[in-house]
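Engineer: The listed protein sequences correspond, in order, to chains A and B.
Each position in the first sequence, counted from 1, maps to that position plus 7 in our numbering.
Each position in the second sequence, counted from 1, maps to that position plus 699 in our numbering.
These aren't lab readings, by the way, just hints derived from the structure by calculation.
The structure presented is a predicted model; accordingly, all values stated were derived computationally and were not measured.
Careful, some of the hints might be misleading.
Stated by the list, open to error - Once the Cα atoms are required to be at most 30 Å apart in a straight line, the calculated DSS-like pairs of lysine-lysine come out as:
1. B:Lys701 x A:Lys258
2. B:Lys816 x B:Lys762
3. B:Lys762 x A:Lys247
So the chains spell out like this:
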Amino acid sequence: MVNIKIDGKRIRAQDGETILEAASRHGIEIPALCHHEAVEPWGGCRLCMVEITKKAWEGWSRLVTSCLYPVEEGLEVETASERVMASRRETLDLLLARCPETPKVRDLAAEYGIEETSYRPREEPDDCILCGICTRICASLGHHAIVLTGRGPAKKVDTPFNEPTDACVGCGACAQNCPTLAIPMREMNGMRTIWGRTFKLIPCESCGRTFITEEQVQHLCETEGFSPDSFNKCDACRRKEAAATFSTIVKW
Amino acid sequence: MKYRMRVTPQRCIGCRTCELACAFSHPVEGVGIGQSRVSTFDMGDDVFIPLLCLQCEDPACVKACPVEALVRNEETGAVEVVEERCIKCLACVPACPFGNMYPAGLREPVVKCDLCKGQPKCALFCPTRALEYLPV
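Please construct the entire structure, taking both the sequences and the accompanying hints into account.
Structural biologist: Laid out in structure tokens, this is it:
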């Protein structure tokens with residue numbers, strides 16, 4: 008256990024956890040856009056900046072990303088000091104220039120009193136905030152189908168060389184977790200289209216409802232050792248089947 | 700003390716009170732009631748089978764989860780979904796051989812029986828004790 012102070016409140020934090028984790032466990036809110044519990048933090052959005060100091064630092068303080076900075080004994084954290092707010096406002100101002108029409112960014116910016124960006128808004132508005140949640144989730148699933156490509160203003164999330172890739176299995180986890188709904192995924196006539204590829208969805212053997220792509224099944228069979236037969240029914244039909252089996256086992 | 704859910708289908712009268720109790724005790728924000736994690740099946744001839752997560756010893760859902768969003772609560776014995784960690788890949792849904800993982804919809808974490816953190820409402824409301832939560 009480590010004793011720290013966040014906004015003047017004494018907190019006992021766990022060894023090795025980050026400032027953001029300790030704060031959220033104690034109900035102290037720090038805004039963050041690129042944070043997702045499932046993947047490693049990477050300090051991309053710069054919104055979770057906090058000001059830290061220690062007694063021994065004799066009045067000196069610094070700004071750090073709370074999602075990456077591990078707690079240490081005697082740390083004093085300010086989550087809403089003037090310096091923090093200025094940094095956050097600047098980040099949101101820039102984000103708003105990139106995504107002037109994205110509701111999530113607009114709402115967050117408005118909370119900090121920014122209605123319009125002071126920079127020149129991007130000519131082709133983009134909903135992607137480059138938080139990297141999609142790319143990190145894709146990597147954690149073992150696909151590595153999408154990555155952050157390019158530098159500076161040309162930076163974007165894309166498949167390698169902007170071409171449809173075999174690495175993608177069409178699971179749609181990237182689109183499902185995108186905080187700003189920036190990744191288009193379409194489902195029509197038993198087909199799912201994402202990242203320039205169209206995947207065939209397997210229909211349930213008994214009810215015909217589609218629920219998983221062929222490539223996803225193949226990936227799960229290869230990595231987790233499932234048999235392909237275990238994916239021929241949807242969850243509802245599987246329950247029916249299980250109930251039928253149980254009814255034959257039970258002695259009446 | 701450790702508790703286990705005991706299901707006695709012979710006592711089930713198919714009233715679906717368990718489903719209601721479950722749906723009402725897992726409300727969805729803005730909607731009110733949530734998805735029930737227990738389903739009762741009418742097999743004909745007055746045979747009813749209440750089906751809920753078996754909290755398997757070696758769960759296929761946990762094995763399928765790529766981000767460790769499914770963890771066993773040692774106190775209740777239930778395998779629970781850590782909602783913030785779930786990446787909605789739905790790998791656990793087809794993985795469960797009994798179909799007891801419920802996809803809750805687009806951009807929503809998967810739902811499953813969590814034994815109501817040790818006080819299962821289905822067992823509490825079951826009028827015929829077809830569902831019982833008993834000390835082992």
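Engineer: Of the hints given before, which are not true for this structure?
Structural biologist: Hint check: nothing fails, all pass.
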